[in-house]
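Student: Single-letter residue listing:
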Amino acid sequence: MKRFALTAAAAAMAAAAGGFAGNASADTELVIVSWGGAYSASQQNAYHDPYMKNNPEVSIVNDDSSSEAVAKLRAMNEAGNVTWDLVDVVAADAIRLCDEGLAKPIDHDAVLAPAPDGTPASEDFGDLIVSECFIPQIVYSTTWGYRHDMLDKEPTSVCDVFDLQNFPGKRSMEKNPINNMEWALICDGVDPANVYDVLGTREGVERALAKLDTIKDSVVWWTKGAQPPQLLADGEVVMASAYNGRLFAAIEEQKQPIKMLWDWQVFDLDGWIVPTGGDNEAEVMEYLKFATDTQRLADQAKYISYGPARKSSAPLVGDHAELGIPMGPHMPTDPENSKTTLLYNYEFWADNRDDIDERFQAWLLE
Amino acid sequence: MSYTTVKEAGLVTADGRSLKSSLARAMFRKKVISIGLVLPLFAFIFFTFMLPIGDMLLRSVENDMVAEILPRSTEALEDWDETSGELPGEAAFEAMVLDLQEAKENRTNTKVGQRLNYERSGMSSLFRGSARKAQRIEEGPYKEKLIEADKDWANVATWQTIKMFSGPFTAGYFLSAIDAKPLPDGGIEFVDSQRAIYSKLFIRTVLLSTLITVLTLVLGFPVAYLIATQPARIGNLLIICVLLPFWTSLLVRTTSWIALLQQQGVLNDTFIFLGLISEDGRLAMIHNATGTVIAMTHILLPFMVLPLYSVMKTIPPSYMRAATSLGAHPWPAFWKVYFPNTVPGIGAGAILVFILAIGYYITPELVGGTDGTFISNRIAYNISVSLNWGLAAALGVILLGIVLAFYILYDKIVGIDNMKLG
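Taken in sequence, the protein lines are chains A and B. All residue numbers for the first sequence refer to my numbering, where the first residue is 530 and numbers rise by one. All residue numbers for the second sequence refer to my numbering, where the first residue is 37 and numbers rise by one.
In short, the hints are calculated from the structure, not lab data. Glycine included, every Cβ here is placed at the ideal spot set by N, Cα and C. Treat the hints with caution; some may be incorrect.
[Stated by the list, open to error] Which chain A residues face chain B? A few, computed with CB under 7 angstroms, are given here: (1) Asp692; (2) Val749; (3) Ala755.
[As the list claims (entries may be wrong)] Chain A stretches covered by chain B per the calculated footprint, using a threshold of three residues with CB under 8 angstroms from any CB of chain B: (4) 597-604; (5) 626-636; (6) 763-770.
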């Protein structure tokens, strides 16, 4: 009886969904879950369209639910009815899904294509394979954008965010402790190498919050990735933390008076996981082999400024498909941009997120 | 003939049955038909709405994971006195090592670690790390080796947490939802105000929802009155004006409020143009509680106007005319005669707006900033980000309890029979 109710509900919904899906003309339908917007569009152009052209019997259906992927996969799994074939998630979620047995472990060398020079996939991806279930796709970063036309002086360091004297105006930060706490500690004089050691203590958390306190009244908090570029474009804030791809779109595609500040950008990864219990395993593996080969990953960078996760793809990154500008200098991994970087610490946040978040939310209410 | 025989014989219908049973049969047939007609809807609601909700709410007390994944340790810890301040004996350590080995095989060690991490941070990595190391422990002394694997096993609090949450049910989620924690000795302790968030959010949600309800009433009443008392042609036009925003997507309306109210927005620019405020004095009307109240009042206004209108439409204008012709001034006539007739509409509108407001999620998320978010935003966080479904369920149960409490209060003061939805 334990999970009877959810099973019954899911079965009812699946029956309803099946009624619609039944009409599809292709033999196999792959449901691929991603983040939507410009990001899904880049995958459509670089992976889905060429794959469907080569394999007319497969049709790919996009689902934009990645932001709730962990919760939804857990629910589908409990109901015993997994309807997704491939899911695009950030590395932290991939680790979690793998831990819970909701994602399949992958033998990277057996499933994925080697680099053109024969280097096995596991070496080509290298350290970016942070979990045995994770197939890295891109490196992105959370960094800062600012309105160069609204500030007298242009900021050069992330610590300028905390300097209201020289850089007056509102700033926008994500309404969650991740990244903000790290930046606060770095600007409070903590050696970046020890940030997570300090943050692991109560005093460290208070120290970070005390630093954030100095600008608290001037912060507009964002919760969705689309918000900070919008706030910058509207002139609501003079600087904002945001995903580098979103800032790229605002600067280069929409020609907004915004510039990037790469100082202490926080690197993170995004990639595929294969949910356990999906129906089309053979087709998914074939698709994966195609979509993560060296050329395809380099192709994605034509449409969005996220760095390919394969070493062998980096030299192939060319110009933007529509704007025609070289994409290299816009990548978070470009040497010019990555002089100071912080790698998101998955283990630390897996352990401490709930605790620090509670303190952070209470601090927001103070 | 005695009285009893008369009753037994009774009245009979043409086919020889007693009238009573014949009547009962006819009634029964009617009942079956009406139940049969309602049954599909009832089954639909039961399976897709009530069962999943009940199942979700059960999670607020359900706690079988620890005992299921760590059965030997749960048993071994039963004899251990958790208030003694000493570590459990060798037997408990042995049981834990065996449990960890098995859990690692089944890939359940991180699950239980995550569950316990809600109660004590660090448990997640403790279970992930030491399960791997426990696989290499083949013989005793288990205590020494497990502590060697991770020194957190030498911490009494680790074992206290495991024992405290090894029962089949837990009050832990409900305690977290009111900013408290259970103590090993059976008592509870409220967390310091630096970490208390949920009680503040509950109070804020109720206060702001009440404010929004009052504002919709104040703004909606005259509008409904106007619509109800105008000739049909103008009335219909006005009702369209009320319905048009009602049909527009919630997200669109919320975003247009952002464009209107933000500091570089339309309203602030207009104020500056009119010379009401200076360039430096731009008003902060959004990303705070003000923004939430303004946007939600607008969005929920139709839910107040429509029930009010439907009630006012049925109040004959002759009542007011009668009152004034009997010598009442317009205001007392309105207050003593017209207004009491609108109470069912006010009741329906108020309860509708309040219940919708108290569970609102997307608007506070987008325009609420730090002091304009609601408890539902935390529920959403616990459902989709921290995956603490037990806590989300407990918060949901409390929210449901608050709504029911207001409903009962409303029934006591106004009377639910007075409510009229249309």
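Student: None of the hints should be skipped; say for each whether it holds.
Tutor: Now for the hints, and whether the structure bears them out:
1. Asp692: With a closest approach of 20 angstroms, the A/Asp692 hint is violated.
2. Val749: It holds, given that the least Cβ distance between A/Val749 and chain B is near 5 angstroms, below 7 angstroms.
3. Ala755: Check failed: Cβ of A/Ala755 comes no nearer than 10 angstroms to chain B, outside 7 angstroms.
4. 597-604: holds (count 4)
5. 626-636: Our answer is that it holds, as 3 residues pass the Cβ test (under 8 angstroms) against chain B, meeting three.
6. 763-770: holds (count 3)
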